[in-house]
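Single-letter residue listing:
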Amino acid sequence: MSAAALPRMRYVWIVGVFAALVVMLALGLRLDPSKVPSPLIGKEAPRFELPRLQEPRKTFSDKEMLGKVWLLNVWASWCVSCRDEHPVLVEYAKREDVPIYGLDYKDKRADALAWLRDFGDPYRLSAFDADGRVGINFGVYGVPETYLIDKRGIIRYKRIGPVTPELMDRKIVPMMRELARE
Amino acid sequence: MIPEIGQFALSLALAVALAQSILPLVGAARGIPGWIALARPAAQVQFALLALAFVCLTYAFVTNDFSVAYVAMHSNSTLPLVYRMASVWGGHRGSMLLWTLLLGAWMVAVTLFSAHLPEEMVARVLGVMGIVSAGFLAFIVFTSDPFARLFPVPPNGQDLNPLLQDPGMVVHPPMLYMGYVGFSVAFAFAIAALLSGRLDAAWARWSRPWTLAAWMFLTLGIALGSAWSYYVLGWGGWWFWDPVENASFMPWLAGTALIHSLAVTEKRGSFRSWTVLLAICAFALSLLGTFLVRSGILTSVHAFAVDPRRGVFILILFAALVGSSLLLFAVRTARIGLGGSFAVVSRESSLLANNVLLSVAAASVLLGTLYPLALDALGAGKISVGPPYFDAVFVPLMAPAVFLMGVGPLARWKRASLPELAVLLRWALAVSVLCGALLPLLLGRWSPLIGLGLALAAWVVASSVVTLRDRVRHAGSAAGAWARLRSTPRSWYGMMIAHLGIAVFIAGVTVVKGYETQKDVRMQAGDTVELSGYTFRLIGVSKVQGPNYTATQAQMQITRHGRTVTTLYPQRRVYTVQHMPTINAAIDEGLMRHLYVTLGDPLNATTWVVRVQYKPLVSWIWLGCLVMALGGLLSATDRRYRVAATMRRAASSEVAVTQAGAAR
Amino acid sequence: MSRLLVLLCALMVSAAAWAREAPPAAADPAIEARMMALASQLRCLVCQNESLAASNADLAADLREEIREMMRQGKSDRQVIAYLVARYGDFVLYRPPLMLSTVLLWFGPLLLLLAGAFALFRRIRRRNAAPGPDLSAADRARAAQLLEVSRDAEAS
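Protein chains in written order, with numbering that gives the first Met the number 0: chain A, 0 to 181; chain B, 0 to 663; chain C, 0 to 155.
Here chain A stands alone, though its shape is the one from the complex:
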């Protein structure tokens, strides 16, 4: 290697480091910095026992759902983006293999019932989480959120934000089918 070429090589590594930085930034552009991934995936869903929205004297507990594969959808009448996903839920709830249960988060009973009347009720039933404690246990931070829970009560998937038909078809429904076979 000639003497002239040698100095040229010396600081090329700086360009290499810079290229790596740019690649990382480019990858970062596809990510959403505000999404908080759930640490509960693969872990048992938190225990809860809450009054039912429509029948306040009865309760709904996670124990009732053992042995079933089900979706828990966190919603509220004051949540604007919930309206976007609601028609999707109503549509998919008609299927036998997609049981959807609701968690009414920090809501008022009257408002919630009116909302379901207006927009449809896809839920087998809704639990009423008035103070949001159960929501905190699930790690809810932005409504709507949807949890896929398997037969043993373990959370297998969490969707942050409204569900879309593509998501249902490509991810959620196939997952539910597979888990039902276990």
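In case anyone wonders, no lab produced these hints; they're calculated from the structure. Predicted, not measured: the structure shown is a model, and the values here were computed from it. Every residue gets a Cβ at the ideal spot worked out from N, C-alpha and C, and that includes glycine. Certain hints may be false.
[What the hints assert, rightly or not] Derived list of chain A stretches under chain C, where covered just means 3 residues or more per stretch with a C-beta under 8 Å from a C-beta of chain C:
#, region
1, 32-44
2, 133-147
[Stated by the list, open to error] Derived Cβ-Cβ restraints for the label pairs, each shown as a range:
#, chain 1, residue 1, chain 2, residue 2, range
3, B, K413, A, R9, 40 to 46 Å
4, B, P307, A, T163, 14 to 20 Å
5, A, L124, B, G236, 30 to 36 Å
6, A, P36, B, A147, 35 to 41 Å
7, A, R9, B, H301, 36 to 42 Å
8, B, Q577, A, P36, 29 to 35 Å
9, B, H301, C, D138, 56 to 62 Å
10, A, S80, C, A114, 47 to 53 Å
11, B, Q577, C, F117, 37 to 43 Å
12, C, R139, B, L442, 43 to 49 Å
13, B, P447, A, P98, 56 to 62 Å
14, B, S416, C, L146, 20 to 26 Å
15, B, A28, A, A18, 24 to 30 Å
Once you have looked at the hints, place chains B and C on chain A.
This is chains B and C only, laid out in the frame that chain A set:
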């Protein structure tokens, strides 16, 4: 009509920028005087066009032209005039135009203050700035057109974010951008030097005033931002290590390192390549900051509303500009640091140690800011990096740098004597240690961090006194001393004052963090609360109507030892257009302490939650920054930079005459 | 009647003059202080980068109440942090925990500093090892003359 003129002016400016970048650079490389001479007029024309575009946009805002989409997004007819004008840079598009306008202003400044530079150097500098400008103008014209029209025309606009309806909005962005953009001049000088192969001490001398000026603006811009968030966000904090704040702080750290590195290169001709690399990095960090803030890649209260397409464009621009600069550097640079040798203990080594510390600090801030992104991109989890990390990392890096600030000015060039320095500074050291040990006890309580902070501040002051005395040491008489001081270059005073500014800053930060207190209380009319010797009394709460908001206002009377200090009026506002509630703190600003009062939630019809805070020496934080900036100004306007050319011409003609005489 | 009026007036005046020391907003100021200190190191999950202490969001208020509750029950700071991390992940901590994936974060600055110091040291030593240029007698004379000339112009 007017917006279309603005749009046309922008497109024209892009064309001029392209001409300004290609022709002078090719001309300088090939030695074509006509193309070289194009640089100055092109820059001036470009600035005129940018100014025209800016005036058109301002006109649209002032006349409430809501057919322009950008105006409709950020303004409203009820918005007071001064904020309508500040709204021009209230969103992404207009602030990009401001950025480019200020770049044009710096270009014009280069055309005006470069009479002593060789023409081909000026051509290269302006050519590089032209490339940067072309890149940003392309970005504006193709993705962020501020003049885009909106159909149907809304009856009124969406109003400026209430948090921005504040005098801070009028001064902070322009000042900050002057700093960001100003580093492009140092960058351009560096690239010009690499392109021409002329990397010598003269280049450092030319670059230095520009770097100092940009640094001064950035210092002021960051200080204004900090002060503004202090009184507008309502909780009394002034620095959060937020990604956008870090985006402005990193270029500042690199710029500070650059100033010191330029001193070594200018005086001794050493470490030229390192200085060039730093110049590239300082501007690269400015560009990175622009990317981070506008791409949506990081969450921040300060971030602009984002469009991923824009993020891609800025990333490409950033990668192209910085990547090609670094490639040029790698190819054109011989080994870093040819030039005179110097001892391990010398002024050069203390300046370079300062460089190492500041560079590592900048790199650490970058590391902390981008680390969550890196982990997320690699699928390795999601973390947050906040003040606990940055405080833990930054203080240990800065403490030695501050210590060196006292040693450096006293050390001799090339070889300094450690025993001699120790003797000179022993009293300064003793005073500092004493201050660190005893002052906190006088102020209330002692803790290691408070002790360290006060000791460092005292050290800077004490060592500055020693340096001053050392300067006049051999003067003999008072008249001689005075003569000595008068003949001392302005930049020396600039250095001393800037360093003192840091001492003031450190004192402010240390005392406020160590001794601030607050109380949250439930108050009814007539209740009082006592804090640090002040008595706060709630006189009453009433409703107030503003130009575009309604407010609940409390009247708080503050007394001390029975005498009235002031009456404050904290508010909770709801802005009519965006229905956004804001908390407007009321502050009694004194040099030695601030009293900060915020009105909280109403508990019932007669009881309110009130928070009162006592913040000793908090204004010293921004006062210190002001003093630093003053130091920068003094250094930038040193006569040496201006008379250097005339002197050199005189000296060279003298030498020519002598040689001619000797030859005869 | 007039005496009653006077009495009434006197009572009102004295009530106005009797300034009450405002009670603290929190039920338990000690717990409150501890909670706020901890909350300032935690992230508000729904905000654009604000601490749990400073945020006005509903979820932030709920979480602050949860923390108060836990502290009243006697839980330590570490237990509160564990509770939140179990639900929201490490994202909620502003002080990133030291684990395998953050080793580079926490030790990076130190490593960079050592590398920089080492590089600087090596450069200085290497430069000092190289011999300086030799001056001829003519050059020395010229240098002396120039030093005479420039002494008056520059005072450094």
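**Asked** Which of the stated hints cannot be reconciled with the structure, identified by number in ascending sequence?
**Response** Of the numbered hints, 3, 5, 11, 12 do not hold.
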